[in-house]
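Position chain E against the provided structure of chain Z, taking the given hints into account.
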Amino acid sequence: GENVEQHPSTLSVQEGDSAVIKCTYSDSASNYFPWYKQELGKRPQLIIDIRSNVGEKKDQRIAVTLNKTAKHFSLHITETQPEDSAVYFCASTDYQKVTFGTGTKLQVIP
Amino acid sequence: DSGVTQTPKHLITATGQRVTLRCSPRSGDLSVYWYQQSLDQGLQFLIQYYNGEERAKGNILERFSAQQFPDLHSELNLSSLELGDSALYFCASSPTSGGPGTDTQYFGPGTRLTVL
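Chains Z and E are the protein sequences, given in the same order.
As numbered in the working numbering, residues 1 to 110 make up the first sequence, in order.
As numbered in the working numbering, residues 1 to 116 make up the second sequence, in order.
The set of hints was computed from the structure by calculation and includes no laboratory data.
None of the values given here were measured: they were computed from a predicted structure.
Any given hint could be a false lead.
To be verified - Okay, the calculated beta carbon distance ranges per label pair:
#1 S65/E <-> N31/Z: 26 to 34 angstroms
#2 I60/E <-> P8/Z: 25 to 33 angstroms
#3 K57/E <-> N3/Z: 14 to 22 angstroms
#4 Q45/Z <-> L61/E: 21 to 29 angstroms
In this text, a Cβ means the ideal position worked out from N, Cα and C, and glycines have one as well.
Next up, chain Z with everything else stripped away, as it sits in the complex (with noise of 0.2 angstroms):
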């Protein structure tokens, strides 16, 4: 079955400073990866995914990156703020399955 690998499993930045978390899969036949946020106790929330087709993907602060050759895709956080801090999982799907990264917990730094 799938497998993601996910990296680093914490992350400490500073204020105002920039994050990557990157993720790998196995599945070639996967096509669409979102990121989620998770707060603690508190549901997972979409904060921008990329379709197979994509190679980059900007909101505001956050960018993702795809590389379907290689099988890996990051998520890019700049000029973090406190209110980042929380943990971050990637998915990698297909029609038929979802399979989660490990989670990355971020801390940002006052």
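For chain E alone, coordinates are given in the frame of chain Z:
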């Protein structure tokens, strides 16, 4: 607020028991997905229903079952509960019939199940 509702918010039960978790999707959404989030196994996709029929299946145990009713709400039934079933159970909904990889999903607030 995503518009997806789940009840109950918390559930405490004993090993061997059976429980039912309920989910109401966003207005207009026809697909419901169930997920389990535990410390051991992370976030796992269990099953998807679309307009009353099973659409996709993930890592759902045989002791677990789900259904979607004509009014589109869904129930997840967990039986012969074990300590390891303690987890947060989320449902999510989306508008269309495509599998997990075709639609943006909106998560509910979750049901925290504790098995003692």
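Hints, one by one, checked against the model:
In this structure, S65/E and N31/Z meet the distance hint of 26 to 34 angstroms, their C-beta atoms being roughly 29 angstroms apart. In this structure the supplied range 25 to 33 angstroms holds for I60/E paired with P8/Z, their Cβ-Cβ distance being about 30 angstroms. Between K57/E and N3/Z the CB atoms are about 18 angstroms apart, so this pair conforms to the stated range of 14 to 22 angstroms. In this structure the supplied range 21 to 29 angstroms holds for Q45/Z paired with L61/E, their Cβ-Cβ distance being about 27 angstroms.
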